[in-house]
Amino acid sequence: MDALTVLGQLGEVKPADPAVLDAALERLEAAIGQDTRLPRTTARAVRRRPWLVTTAVAAVAVSAAAAAFVAVTLLDRPAVPARSAGAGPATHDKSVTGPAGFAGVTSSGPRAIAAVLTAFSTNADDILAVTKTMRGDFGTLGKTTSWLWPVQGARGSTVRTRTLTLTLGGARQMGQWLTSTVSTVTQSAADGTCAAIFARPRILSSSATGVPGTLTAVNYLRHWWARGAVTVQAATVPSAAALRACLTSGQWSVTGRGVLHGTRVVELATPGGGERLWVSAATFLPVRLVSSGPHVDTISFAFRFLPPTAANEALLATPSPPAGFRRLRY
Amino acid sequence: MPDDDGSLVRMAASGHGAAFSDLLRRHGQAIHAYLARRGGRDAADDLLSEVFLRAYAARRNYDQRWPDARPWLYGIARNVLREYWRKASVADLGGSQVGQPSASDDPWPDVDARLDAAAQVPELRRALSKLAPGDRAVLLLVTWEGLTPAEVAVALGIPAGTARSRLHRARAGMRLSLGEGSAPRAAASYQEA
Chain A
1 MDALTVLGQL
11 GEVKPADPAV
21 LDAALERLEA
31 AIGQDTRLPR
41 TTARAVRRRP
51 WLVTTAVAAV
61 AVSAAAAAFV
71 AVTLLDRPAV
81 PARSAGAGPA
91 THDKSVTGPA
101 GFAGVTSSGP
111 RAIAAVLTAF
121 STNADDILAV
131 TKTMRGDFGT
141 LGKTTSWLWP
151 VQGARGSTVR
161 TRTLTLTLGG
171 ARQMGQWLTS
181 TVSTVTQSAA
191 DGTCAAIFAR
201 PRILSSSATG
211 VPGTLTAVNY
221 LRHWWARGAV
231 TVQAATVPSA
241 AALRACLTSG
251 QWSVTGRGVL
261 HGTRVVELAT
271 PGGGERLWVS
281 AATFLPVRLV
291 SSGPHVDTIS
301 FAFRFLPPTA
311 ANEALLATPS
321 PPAGFRRLRY
Chain B
1001 MPDDDGSLVR
1011 MAASGHGAAF
1021 SDLLRRHGQA
1031 IHAYLARRGG
1041 RDAADDLLSE
1051 VFLRAYAARR
1061 NYDQRWPDAR
1071 PWLYGIARNV
1081 LREYWRKASV
1091 ADLGGSQVGQ
1101 PSASDDPWPD
1111 VDARLDAAAQ
1121 VPELRRALSK
1131 LAPGDRAVLL
1141 LVTWEGLTPA
1151 EVAVALGIPA
1161 GTARSRLHRA
1171 RAGMRLSLGE
1181 GSAPRAAASY
1191 QEA
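Read top to bottom, the protein sequences are chains A and B.
For the first sequence, the residue numbers in the numbering used here are 1 to 330.
For the second sequence, the residue numbers in the numbering used here are 1001 to 1193.
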């Protein structure tokens, strides 16, 4: 068999789900105001991403955020409730004041950020779970959930991370478990850009400078796994230091107070509103961060600080190789 | 329903929107497959409706002499994919080993990831990676979508002669890289453990 024949075989794909085609046609028909008598019952029963076929922009945003949050919640529900709430728009409640001991904090951006950094230190042994969702003109462009433990370790101590990349439909695409040591490299990884933090670990060539560690990767879609010693690009290591760096680099001001999913929050924003941050009014731990840019409409982060119970630590446990998956080497 | 796509597009352009739905129902699977080969199945699911909407918006640009609308639709799908990759790359989640959006208009990293799954054909992967993006696009449209060089020209918006010469160059490049008649061998850049 010649190579071009093999190439042709590699291009074979499974047919699209009829519901996907129906949903696309329904969206088209909504645009052109026509009814071509589709089998709507079937399409509505099995459609996978209803927010993509609605025409209301607001409904799109709410559905996508809810789906992302539900998908992650279903995949990895913490055994113990988190100390901060999940994603979602805040409802403003001007009656909320700052926590005891933080007099004046909730009216000053720099002081509020200082309180956030202090909160990091007081929760240094926690597990930080971050759900990152990117949305663009077409809807959700990508979702990643990262777990990091401990939040703030001493230099040279072991830090464990897990990153789960989800498909646009919310299914597991790729899992990465990285064990490394806290270093000066990771402490300065953020470059002050909130949008870029909590990326997925990217392996460098062995000769490059980065963060050495042991990485286990499982590709759930392509059914392979790999484990070995690697060097990871510092900026892509999930790191609370990166979050601290992006927070300290911005010129934040307090823009409001309110309630976010039952948690009283203080809202901060950078000049122009390019980035907005909600922190718990009780603990000053970050709850949600939204970064908007010219190319990607919104990148949002939902933060949860989980106590290091055995059940929560298990969220970062390196998995056994999935049965039937092929092993690859880095 | 008319057999040729040109008639359906003409009907749609004259106000019969349902004819356009018929056209897209006819080719929906092919467009989805095109998207899935390059961006993955989930991206295809999400981008298909965008292709349909763009096609409808551009229906008056369709040359009604074209009997088959697939090349024209592939061209629209290609533009949708390029925008998807471009936007996604801005907020790159990181990683280079799986089907992440690429950092440029060139869909090669995604194609590469697809071939990566078939780790038994690394030589084929390397040979494809050596081709110029334009040559590779022509080769994959012919090999994966079954287009003729003339149809590829419509899809890519290039002269037919250019499509033919690119195809010739791509095939020659593949044969040169792989060696005439050689079969793919065991893995190289990814080694089976």
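Among the hints, erroneous ones may be present.
Listed next, the in silico DSBU-like pairs over lysine-lysine satisfying Cα-Cα at most 30 angstroms (straight line) [said to hold, decoys possible]:
(1) B:Lys1087 / A:Lys14
(2) B:Lys1130 / B:Lys1087
(3) B:Lys1130 / A:Lys14
Read the hints as simulated data drawn from the structure, not as lab findings.
Predicted model, so just to flag it, every value in this text is computed and none were measured.
Do the hints match the structure? See the list:
1. For the hint linking B:Lys1087 to A:Lys14, the alpha-carbon distance of about 27 angstroms falls within 30 angstroms, and the restraint holds.
2. For the proposed pair B:Lys1130 and B:Lys1087, the alpha carbon gap of about 25 angstroms is at most 30 angstroms, so the pair holds.
3. Restraint check: the Cα-Cα separation between B:Lys1130 and A:Lys14 comes to about 28 angstroms, which is no more than 30 angstroms; the hinted pair holds.
Violated hints are absent here; each numbered hint is respected by the structure.
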